[in-house]
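Colleague: Protein sequence lines, in the order shown, are assigned to chains A and B.
So the mapping is simple: the working numbering equals the position in the first sequence, first residue as 1, plus 679.
So the mapping is simple: the working numbering equals the position in the second sequence, first residue as 1, plus 1137.
No wet-lab data here; the hints were simulated from the structure.
Quick reminder that beta carbons are idealized off the backbone N, C-alpha and C, glycines included.
Worth double-checking, as some hints may not be accurate.
Claimed, not checked - 30 Å max Cα-Cα, derived DSSO-like pairs, lysine-lysine:
1) A:K826 x A:K915
2) A:K889 x A:K802
3) A:K815 x A:K902
4) A:K815 x A:K889
5) A:K915 x A:K802
6) A:K931 x A:K815
7) A:K962 x A:K815
8) B:K1257 x A:K962
9) A:K889 x A:K902
10) B:K1257 x A:K826
11) B:K1257 x A:K802
12) A:K826 x A:K815
13) A:K802 x A:K931
14) B:K1467 x A:K826
15) A:K961 x B:K1257
As the list claims (entries may be wrong) - Pairwise CB distance ranges, derived in the manner of DEER restraints:
16) B:P1501 x A:N784: 49 to 57 Å
17) A:E813 x B:R1543: 50 to 58 Å
18) A:D835 x B:G1349: 35 to 43 Å
19) B:P1501 x A:S959: 42 to 50 Å
20) B:G1545 x A:G798: 31 to 39 Å
21) B:S1333 x A:K972: 27 to 35 Å
22) A:T799 x B:G1250: 15 to 23 Å
23) B:D1178 x A:D797: 20 to 28 Å
24) B:S1231 x A:A950: 55 to 63 Å
25) B:V1482 x A:K773: 18 to 26 Å
26) B:S1169 x A:T796: 44 to 52 Å
27) B:F1553 x A:D788: 14 to 22 Å
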Amino acid sequence: MILASQNGSFPIQTTTTTPGDTHWRRRSLTSTARSNVAVWLPLARRGEGVGGSGENTLAGVGAVPRKVLGFLLLVAATLLSGEAHAQEVQSLLKDADRYRMSADNLQVDTQVSVFNTDGTPDKQRRYTVFAQSERKSLVLMQSPMEKGQKVLMLGDDFWLLMPGTQRPMRITPMQKLLGDASTGDVATMNWAGDYTGQVVGEEPCQPDSKATCLHLSLQAQRKGVTYQRIELWIGKVRHEPVRADLFVQSDKLAKQARFVMDKPGNPTTVAEMVLVDQLSNKKETRIQYLNRKERTVSAEWLNPMFLARNPALE
Amino acid sequence: MGNALTALFALALLAPVAARADATELTGQIRSYWINRQTADTGPLALANAIQPGTAGMDGATAGAQAELRASASMGAVQLHAHAGLQAQEVEGSRADTQSRVNEAYAAGQALGWQWSAGKKIVSWDVGYGFRPNDVVQQEVRRTLTSETPEGRPLLMAEHFDADTAWSVVWVNPTQERSDTGAQEAALAARVYRRSGAVDWHGFVRQGEHTGPSVGAAASWVANDALELHASVRAYQHADSSVSTVTDGSLVNMNPWRAHLSGAGQQVLIGGTWTSETQISVLVEAWHDDTALTDAHWSVWTARNRALPLWLKQGVPTAAVAGNLAWQGKAFGVSNSLRQDNLFVRLSWQQDRWQTALDVLYTPADQGTVTSASVVWSGERFKLEAGLRTHGGPADAVLRQLPVQRQGYAVAVWAF
C-alpha cells in the first residue's frame, strides 16, 4: 500500500491488514525518486515491480514492447494503487464516523458552549439535530433567543427558516458558516463520502504527546461541505477521531478540533467536540452530544417548504 | 383594552387544552423600544404644518414595551398554536395607550395525505429581501425600521409535500367584506414549489375577490459557495390603488384621493447575496413595481405641491391651503413602493455576538435615498439593537418629502 510523500519523507504501509491491526513505519527516500515512488516501491517489494532495469520480472520481453508494457503496467498500477488507497481512506473515515454517527438516522440533542480565551463562559446554545442518511440533516434551534430557527441541509443545499417570517430561505454554504459553532459543525457528523485523501503517516496524537495516531489529509469532494480541507488524526487501533485542523475554502485554518471520547480507554462514542477558533476570536466552543437515539423522519420533513409548518416539527 | 382582552382570551383558550395535551410549549419575549423621529423640512406635510401648525399629525419620540407569548399544544393529530402580544406605548405629546394583537391562532393537522391549517397564520411566500412580488397571502411590509413579527392573516390552508415538491392552496381573508382592499382582500391563492438541485422554483396564482387573477414565478439559485441569485415576477390584472381626482393646482374642500382599481401590470425583482468566509454579506436587489405611482403621476403631484402655496398670496385661508397640502401626503400610501424602479444594497457583517448592517434604498428616477445603519448584539436571553435611518437626495425627491426624515431607535429584547 502506498502513502503520500511529504517533505521528502515517505511513510509507507508495510502490510495491508484490517483497520484494527494495521502496522505502519516510515521510510525516507531521495528526492530524485519522488515522482514515481508512490507506485514503484510496493510493487518492487513484492517482486512485481517494473522499476529499475525490470529485467527480473520482464525477462524475454523485447525492448520496445517491454517499455510499452512497462508503461501500461505503471498506469494500471497507479490507478489500482490510487483506488485501493482511496478505499482504505474511506474505510478509516467510516470507522471514525461511527463514533459520532452510530446509526444511519439519528436524533441528537446537542449543547454548544462557547468560552472566552480566559476560560470564562461566553454563551450556550441547544440544538436538536435530525441527522439522516444521504447527507440530510435538520437542525432545530432550542435556545430562547434562537427558538423557532431551523436549518435544513440536503447534501450541498441549505435552507434557513427564521421564526418571525415563517419563510424558508435558500442560503449558501458560506452563510452556513455563520456563528462560533457553525450549523455545519453541529449538523455534520460524517466525513466518509464527503472527503477523500491520503494517510500521511504516524504522528503524535497531540503535539506534545508520546502516543501516536494516524494522520489523514482530507480534501472535500463536494462544494457544500463546511471545511474544504481537514487534517485529521485518528487512533491507530480503533480509529476513533482524536483531533483535526479544519480549513475553509481559501485554505485558511478556521478551527482546530479535539474529540473527547466517552471512555478514553475503550472509546465507543464521541461525547464532546472542542473547537478553537483560529480565524478571529480564538474562542473555544464545546459541542456536547447529550443524547443520541435512532430516529428516521418522514420525507416531507426534509422538504424545505415544510420548515414553515409549525409546530408540527417539534 | 378590548384588543388586550382578545389576545389574553386567545391564549387562555389554550390553557385548558394544554392541561389535557400530549405536549405543550410556552415561549415568549419582552421587548422594549425607543424611537426618536425628526420630521421633514420639505415636502407637502412639512409645508402644511409650516403654514398652519398641527395640520398634519406627525409622530414624535415614542417609547414602549411589548410582551409576546407563543403557546403550542398538541392533542393527538391536531396541533394548536397561538402567538399574541400586548403593547404599551407613549408617543411624545400624546396619551399613553395600550394595544394588543393576535399574530397567530390556528389549528393544524393532517388528513388524506394533506396538511391543513385553519385560523390566523403567517404565510410568507416568495424570494427576496427588500421586495417580494409574490408574497400574495401575507403581503408583509418590507424594510421596516425594526424587525417585528408580522400579524398573520385569517385563512384556511391545505398543503401537500413530498421530498422535492410542495403544493399549497390558501383561502385568505374568507370572511372579509368585499370592500376590503390590499392584504385584507379575500382571495384564493396557490403555490407550487419544486427543488431542482441548486435551484428552488416557485409558481404562484392568486384570484382576488375584486383584483382578479394574477400569476407569478420565482427562483432562487445557489450559484456557488458564496453567491445566491434570485428573481421573482408577477403579472396581475388589477391592483388596489389610489388616485387623486385633482391634477392641477386648484383647491378642493375634501380629500381628492380615491380608492382605485388599477389596470394590468407587472412586478419584477432580481437580486443576489454574496457572503464571504469572514462573514461579510452583500445583498443587491433591483425591482420594478407597476403598483407604484408612475413618474408622470409624481410630476403632476410635484406641480400641485408647488401651486398650492401660491393661493396664500390671493388671500385664501391658510387652513384651506394647509389642508390641501396635507392631503397630498396620501400619495405616500398608494403602494408599498414609492417609485416604480428601485435599487437596494445591503452590507452586513456578523462577528461573534455582533451584527452590523448598512443599507441604502435608491430611487433612480429622482435620486432619492434611504440609508439605514444598525448594530445588533445577541446574548443568551438578551438582544440589544440600535440604528439610524435617514433620507437623502434632492429636495424634490419623493423620499426626501416623506414626513419623517431621520429616525434613531434602540430595542432591548429578553426572550424566555
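Colleague: Does each hint hold? Answer for all of them.
Modeller: Structure-based check of all given hints:
no., hint, in the structure
1, A:K826 x A:K915, "violated, 41 Å"
2, A:K889 x A:K802, "violated, 34 Å"
3, A:K815 x A:K902, "holds, 15 Å"
4, A:K815 x A:K889, "violated, 38 Å"
5, A:K915 x A:K802, "violated, 35 Å"
6, A:K931 x A:K815, "holds, 27 Å"
7, A:K962 x A:K815, "holds, 29 Å"
8, B:K1257 x A:K962, "violated, 43 Å"
9, A:K889 x A:K902, "violated, 36 Å"
10, B:K1257 x A:K826, "holds, 21 Å"
11, B:K1257 x A:K802, "violated, 35 Å"
12, A:K826 x A:K815, "holds, 21 Å"
13, A:K802 x A:K931, "holds, 25 Å"
14, B:K1467 x A:K826, "violated, 40 Å"
15, A:K961 x B:K1257, "violated, 46 Å"
16, B:P1501 x A:N784: 49 to 57 Å, "holds, 52 Å"
17, A:E813 x B:R1543: 50 to 58 Å, "holds, 52 Å"
18, A:D835 x B:G1349: 35 to 43 Å, "holds, 41 Å"
19, B:P1501 x A:S959: 42 to 50 Å, "violated, 38 Å"
20, B:G1545 x A:G798: 31 to 39 Å, "holds, 38 Å"
21, B:S1333 x A:K972: 27 to 35 Å, "holds, 33 Å"
22, A:T799 x B:G1250: 15 to 23 Å, "violated, 52 Å"
23, B:D1178 x A:D797: 20 to 28 Å, "violated, 51 Å"
24, B:S1231 x A:A950: 55 to 63 Å, "holds, 58 Å"
25, B:V1482 x A:K773: 18 to 26 Å, "violated, 46 Å"
26, B:S1169 x A:T796: 44 to 52 Å, "violated, 32 Å"
27, B:F1553 x A:D788: 14 to 22 Å, "holds, 20 Å"
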